[in-house]
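Given next are the chains, with one letter for each unit.
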Amino acid sequence: MQMSLWLTRIARRLAALLATVILGGILTAVLVRSSPGFDTDERLLDPRLDRQSRAAIQAEHAADHDVVRFYARYVGNMFRGDWGVSSSLKVPIRGLIGSRLPLTAELMAFGLAGAWGLATLLALAAVRYSWWSHMGSLLSIVVLSVPSAALAVLIFASRGPVRAIIALILFPRLFDYLRNLLADAYSRPHIITARAKGVGPFRILIGHVLPVCAPQFLALAGVSASMAFGAAIPVETLCDLPGVGQLAWKAAMARDLPLLVSLTMLITLLTQACNAVSDWAVVRRAGARS
Amino acid sequence: MQRRFRLGGGPACGGAIVKIRRMAGTVLLAVLVAVSFSGALFPRFSYAVQNREFTDAAPSLRFPLGTDDLGRDRFARLLYASRVSLLLASAASLAALLVAALLGGIAGYWGGWCDRCLTRAIDLMLSLPWLFLLLAARALLPLNASPLTSLVVTYALLALLGWASPARVVRAGVRSFRDSEFVLQARSEGLGEFRILWRAVLPNLRPILLAQFWTSIPVFILTEANLGFLGLSAGEPFPTWGSLLRDLQSPLLVRPEGFAPVAAIALSVCCFRLLSPKGRLQA
Chain A
566 MQMSLWLTRI
576 ARRLAALLAT
586 VILGGILTAV
596 LVRSSPGFDT
606 DERLLDPRLD
616 RQSRAAIQAE
626 HAADHDVVRF
636 YARYVGNMFR
646 GDWGVSSSLK
656 VPIRGLIGSR
666 LPLTAELMAF
676 GLAGAWGLAT
686 LLALAAVRYS
696 WWSHMGSLLS
706 IVVLSVPSAA
716 LAVLIFASRG
726 PVRAIIALIL
736 FPRLFDYLRN
746 LLADAYSRPH
756 IITARAKGVG
766 PFRILIGHVL
776 PVCAPQFLAL
786 AGVSASMAFG
796 AAIPVETLCD
806 LPGVGQLAWK
816 AAMARDLPLL
826 VSLTMLITLL
836 TQACNAVSDW
846 AVVRRAGARS
Chain B
5 MQRRFRLGGG
15 PACGGAIVKI
25 RRMAGTVLLA
35 VLVAVSFSGA
45 LFPRFSYAVQ
55 NREFTDAAPS
65 LRFPLGTDDL
75 GRDRFARLLY
85 ASRVSLLLAS
95 AASLAALLVA
105 ALLGGIAGYW
115 GGWCDRCLTR
125 AIDLMLSLPW
135 LFLLLAARAL
145 LPLNASPLTS
155 LVVTYALLAL
165 LGWASPARVV
175 RAGVRSFRDS
185 EFVLQARSEG
195 LGEFRILWRA
205 VLPNLRPILL
215 AQFWTSIPVF
225 ILTEANLGFL
235 GLSAGEPFPT
245 WGSLLRDLQS
255 PLLVRPEGFA
265 PVAAIALSVC
275 CFRLLSPKGR
285 LQA
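Listed in order, the protein sequences are those of chains A and B.
Add 565 to the 1-based position in the first sequence for our numbering, that's all there is to it.
Add 4 to the 1-based position in the second sequence for our numbering, that's all there is to it.
Simulated from the structure, these hints should not be mistaken for laboratory data.
Predicted model, so just to flag it, every value in this text is computed and none were measured.
All C-beta atoms in this analysis are idealised placements derived from N, C-alpha and C, irrespective of residue type, glycine included.
Fair warning: there could be bad hints in the mix.
[Said to hold, decoys possible] Label pairs and their computed distance ranges (CB to CB): (1) A/ARG608 / B/LEU106: 51 to 61 Å; (2) B/ASP73 / A/ALA784: 46 to 56 Å; (3) A/LEU775 / B/PRO207: 52 to 62 Å.
[Stated by the list, open to error] Okay, the calculated bits of chain A under chain B, using three or more residues with CB under 8 Å as the criterion: (4) 684-697; (5) 830-841.
So that you can see chain A by itself, here it is in the shape it has in the complex (with noise of 0.2 Å):
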């Protein structure tokens, strides 16, 4: 009974995630396909070019001009594992992304590990002492308000380690509602009851503080892998790292549809699946304590 409960879970999760990803799909392939300047080629503001070469370059994209007809086809071909081919690159796509895609995940891990470890230091410190809490502050503020882009190039600019760099656009966004989760859980009566008992610190942190705060925390660290894609668009981008953001660039850049539908369909599928399983971690730990 419990079983056919779970697979019943598992079954719509899966069901969902894969509406998303199908629906992110479309929802790029029409943005790209209804944008006005879609037909547009660079190439054909060549002057040298006859009304037949011209004819040519257009009918090249004809094939993409019906979007449900070139989504369906597109769809059917990636689950057959063809994901076709880079119009401006000229590259099958699923190579192109399988070499970028380690790149950009060293890249979001280290800022995930980095934020997360800055962050939670610093809450933690926040929360005890109210200097810290003022200096992370202003330091969030700081960060905020700088563009992400401007934070890379200085980074870059000062010879600074480019793979910090987001963890440091990732901070602040984590530090304020952490500090806020973490006062909030230190301020519970059995928490306030523990330390008049003289519990120790680190007992209460770990016996306490963080059983409270982990479906906060779990949530929180899927938002926070979308988050750091963001971040990798501009960093890859600006400091020259070929990984998945920088290719994002590129495709956009490049007018690449079928580049671009591929790396939307990723992207939310990555994100979803992030979702996903700190959804699933949350309930699963709500399902044990209870």
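Using the hints provided, position chain B relative to the given structure of chain A.
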């Protein structure tokens, strides 16, 4: 009559610190707006005039931030960009908020399948990285699009993609009001659903809507700045804060005055963050 259906309580945030914070934000923002708009009063501060004899000039009394490679006054361009970015970010925030209020209000008040569909749409919008969608849509403008068109389209896209987060907050707010006593009272007095929404729910949503409005403006300013950095904001010669940041793309060649747009963006975003109330429901 309208006040009868309002919830009790004072302003959304209280306390002396919050008041001082908001006062500081208001004064700083007023100064920034006044300085940027004062540029329009002096014809000397033109963003497009090219002083060919003063290309790449260092800061001086005549050109406080120097000139660019075409001899254009960097200070004049910064003033103009400040006007454009502040005005259009506010307009885009207002447009996004209208969409969010409409969709979030419908989803929260009527619930059912309508709520489920809109919640799915909100989830979908929130799960896609903004910058990526903006890159895709903005890059597909025609190559011969005028600078004004590219500028308006950039901010229109921001409004079009920025409704999801406020819509979620509005939906939650409306849901909490839906079964409140004042709505029940309004219903018992025979008011229709739309009149209840208009006269009882909307006035109580004001703090939430205001909070979302002030929160969205800095988000849009920063997103436009990032787009401009990547070369996808307004076309030349039109200056925005984002397009001025393109000078920093070759960081090793940048002089200190090249960071003036970064300072202007940081100052304005700080002001909006100081102004932004903690839109809490006072149920």
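Hint check:
{"no.": "1", "hint": "A/ARG608 / B/LEU106: 51 to 61 Å", "verdict": "43 Å, violated"}
{"no.": "2", "hint": "B/ASP73 / A/ALA784: 46 to 56 Å", "verdict": "49 Å, holds"}
{"no.": "3", "hint": "A/LEU775 / B/PRO207: 52 to 62 Å", "verdict": "41 Å, violated"}
{"no.": "4", "hint": "684-697", "verdict": "violated (count 0)"}
{"no.": "5", "hint": "830-841", "verdict": "holds (count 5)"}
Checked against the numbered hints listed earlier, the structure breaks hints 1, 3 and 4; every other hint is satisfied.
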